[in-house]
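Undergrad: Between the sequences and the hints, there should be enough to build the whole structure, so can you do that?
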Amino acid sequence: MTRALEVESHDTATSSTMSSRTDEPLDQIFSFRELARLDEALTLSSRETGLRFTLYVGDLGTPTRARAEEMHASSGGATAEAVLIAVSPGQRVVEVVTGSAAARRLPDRACALAVLSMTTAFAGGDLVGGIVNGLRQLADQAGRPTHKH
Amino acid sequence: MRHRRPRYKPGQAWDHAPVWYEPHPDGGGHGDGHAAIAAAPQAAGPLGGARGTW
Numbered sequence: 009m010t011r012a013l014e015v016e017s018h019d020t021a022t023s024s025t026m027s028s029r030t031d032e033p034l035d036q037i038f039s040f041r042e043l044a045r046l047d048e049a050l051t052l053s054s055r056e057t058g059l060r061f062t063l064y065v066g067d068l069g070t071p072t073r074a075r076a077e078e079m080h081a082s083s084g085g086a087t088a089e090a091v092l093i094a095v096s097p098g099q100r101v102v103e104v105v106t107g108s109a110a111a112r113r114l115p116d117r118a119c120a121l122a123v124l125s126m127t128t129a130f131a132g133g134d135l136v137g138g139i140v141n142g143l144r145q146l147a148d149q150a151g152r153p154t155h156k157h
Numbered sequence: 005m006r007h008r009r010p011r012y013k014p015g016q017a018w019d020h021a022p023v024w025y026e027p028h029p030d031g032g033g034h035g036d037g038h039a040a041i042a043a044a045p046q047a048a049g050p051l052g053g054a055r056g057t058w
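Residue numbers (the numbering used here), protein chains in the order written: chain L, 9 to 157; chain R, 5 to 58.
By construction, these hints were calculated from the structure, which means they are not laboratory data.
All of these numbers come straight from a predicted model, not from anything done at the bench.
Even glycine gets a Cβ: it sits at the ideal position worked out from N, Cα and C.
It is possible that some hints are incorrect.
[Said to hold, decoys possible] These stretches of chain L come out as covered by chain R in the derived footprint (C-beta under 8 angstroms, 3 or more residues): (1) 46 to 53; (2) 57 to 65; (3) 107 to 119; (4) 124 to 130.
TA: See below:
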């Protein structure tokens with residue numbers, strides 16, 4: 009099962025949201041079924057491409073891009089091959105950040121197309137569907153890894 | 005009676021705690037998983053990507 013990480017979550021907490029965070033289970037925003045869909049999408053995308061897809065859902069502060077890039081750098085492992093999808097529903101912003109190796113397989117134009125697909129779904133209230141479809145598009149674009157021998 | 009989770013509606017405040025999901029450790033991809041997350045930030049070279057709003 010995909011693990012929901014509390015990493016740096018509380019660093020971004022504001023005084024107005026801190027109390028509610030401590031009272032809520034982490035996954036309350038999504039049902040178990042939705043979590044299963046996210047888990048499958050993240051895992052399959054990563055497995056098929058050899059890239060490491062991670063997903064953040066929460067406030068990004070401002071500027072959103074700088075925060076998303078900081079998070080990408082902290083996402084662990086080989087960040088050059090990491091792809092972060094950061095969704096801030098409250099700000100109605102989604103940021104996709106690709107490391108240098110990932111960017112060679114996922115050009116900005118391909119990311120923009122996936123983002124467009126995601127924002128269309130988000131605007132209709134479908135967060136999970138948008139994320140899952142966006143992940144699928146990104147994985148399809150990246151293709152399978154080429155192994156060097 | 006079936007419990008219905010409030011559906012996300014664009015424009016509403018988002019009061020949920022931030023969450024960060026990673027792929028299943030056996031699912032492939034690179035990285036060391038949870039333990040590595042707390043490590044110091046690593047330079048990933050020139051970053052790419054895209055941004056969107058709705």
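Undergrad: Decide, hint by hint, whether the structure agrees.
TA: Results for each hint:
By the rule of at least three residues with a Cβ nearer than 8 angstroms to a Cβ of chain R, the coverage given for the segment 46 to 53 of chain L holds, with 6 such residues. Proximity of the segment 57 to 65 of chain L to chain R, defined as three or more residues with a beta carbon under 8 angstroms from a beta carbon of that chain, is established by the 9 residues found. Look at the segment 107 to 119 of chain L against chain R: 9 of its residues bring a Cβ nearer than 8 angstroms to a Cβ of that chain, three or more, so the hint holds. As drawn, the segment 124 to 130 of chain L meets chain R at 5 residues by the rule of a beta-carbon pair under 8 angstroms; at three or more, the given contact holds.
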